[in-house]
Amino acid sequence: MAKPRPRVKLPKTASAGEVITIKTLINHVMESGQRKDKEGKPIPRQIINKFTCEFNGTPVFSCDIEPAISANPYFEFTAKVMESGKFKFSWVDDNGETYTHEQGIQIK
Amino acid sequence: MNLSRRQVLTLSASAVAVAATGLGPSVVFADAAATEKSIAAFTGGKSPATGKITLNAPEIAENGNTVPISVSVDSEMTKDSYVQSVMVLAEGNPNPGVITFNFSPMSGEATATTRMRLAKTQNVVAIAKMNDGSVFMDKKLVKVTIGGCGG
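Going down the list, the sequences are from chains A and B.
Residue 71 in my numbering sits at position 71 of the first sequence; the count goes up by one each step and never skips.
Residue 12 in my numbering sits at position 12 of the second sequence; the count goes up by one each step and never skips.
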């Protein structure tokens, strides 16, 4: 599997108090644990089980993910920005790895 | 070892029987009871009211592997009144749980979009929990042409 690479889309600037839309995507197989290989053995589950978004250290949005989420999980959500700062996104894999991405936003 | 024709036949018949039971229904689907249980665990036993929450899902999903869904809850999203979390359940999947979105007053709006898997035609349920403990529910039937859960 290719190494998961997060992609995040959010505006570079916003006015104070504006509600912005954030779109995130990460490439991941999201193996559900329900499928079987050619020999009929179950393929072990490996999914992203948690996604979190923080702004300047404060949690904004998170989700607990089950195997019913499609491969290459996509999340779209909103955040209200009052000040310039940095968003931190993290995806937690079943294998214990965490993939993170940081992106800043400026107040006009 | 010499086998009579009769022995060979009984052996192969039992082999077929074993294979059939082994292969049986390879995927066990969640039933309504499992879904009810998850709902009760999420709401703390409260029965959800209708309204406030909207679940958007396609009426017909051609491919059950990626079904776009979005939820939005009518709320001010202030420190005193906001949506804590929204749980999405699929009644006919191997496991009813799909995703739980956790919001905060910093979310601005209680909306979220993602893509989910649906094994077959079934009801998708979304339940919102407010910070004051009240719960709201919405339900949509999604018809699936090609299922999306392995097999």
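If you are wondering where the hints come from, they were derived from the structure by calculation, not from laboratory data.
All of these numbers come straight from a predicted model, not from anything done at the bench.
For every residue, glycine included, the Cβ atom is placed at its ideal position computed from N, Cα and C.
Each hint should be verified, as a subset may be incorrect.
Lysine-lysine pairs mimicking DSS-like chemistry, simulated, CA-CA at most 25 Å apart [as the list claims (entries may be wrong)]:
hint, chain 1, residue 1, chain 2, residue 2
1, B, Lys120, B, Lys143
2, A, Lys38, B, Lys120
3, B, Lys79, A, Lys88
Covered stretches of chain B, as calculated for chain A (at least 3 residues, CB under 8 Å) [to be verified]:
hint, segment
4, 45 to 51
5, 83 to 95
6, 107 to 114
Calculated Cβ distances over 12 Å to all of chain B for the following chain A residues [to be verified]:
hint, residue
7, Arg5
8, Val8
9, Ser32
10, Ser62
11, Asp64
12, Asn72
13, Lys80
14, Thr98
15, Thr100
16, Glu102
17, Gln103
18, Gly104
19, Gln106
The hints, checked one at a time:
1. Lys120(B) <-> Lys143(B): Holds. Lys120(B) to Lys143(B) sits at ~7 Å (cutoff 25 Å).
2. Lys38(A) <-> Lys120(B): holds, 23 Å
3. Lys79(B) <-> Lys88(A): Measuring from Cα to Cα gives roughly 22 Å; hence the hint holds.
4. 45 to 51: violated (count 0)
5. 83 to 95: holds (count 4)
6. 107 to 114: It holds, with 7 qualifying residues against the three required.
7. Arg5: For Arg5(A), whose nearest Cβ neighbour in chain B is about 18 Å away, the distance exceeds 12 Å, so it holds.
8. Val8: holds, 14 Å
9. Ser32: violated, 6 Å
10. Ser62: violated, 5 Å
11. Asp64: violated, 4 Å
12. Asn72: Non-interface label on Asn72(A) violated, nearest chain B Cβ at 8 Å vs cutoff 12 Å.
13. Lys80: Non-interface label fails for Lys80(A): nearest chain B Cβ at 3 Å, not farther than 12 Å.
14. Thr98: Nearest chain B Cβ is 17 Å from Thr98(A), so the label holds.
15. Thr100: holds, 18 Å
16. Glu102: The assertion about Glu102(A) holds, with a minimum of 17 Å to chain B.
17. Gln103: holds, 16 Å
18. Gly104: holds, 16 Å
19. Gln106: holds, 18 Å
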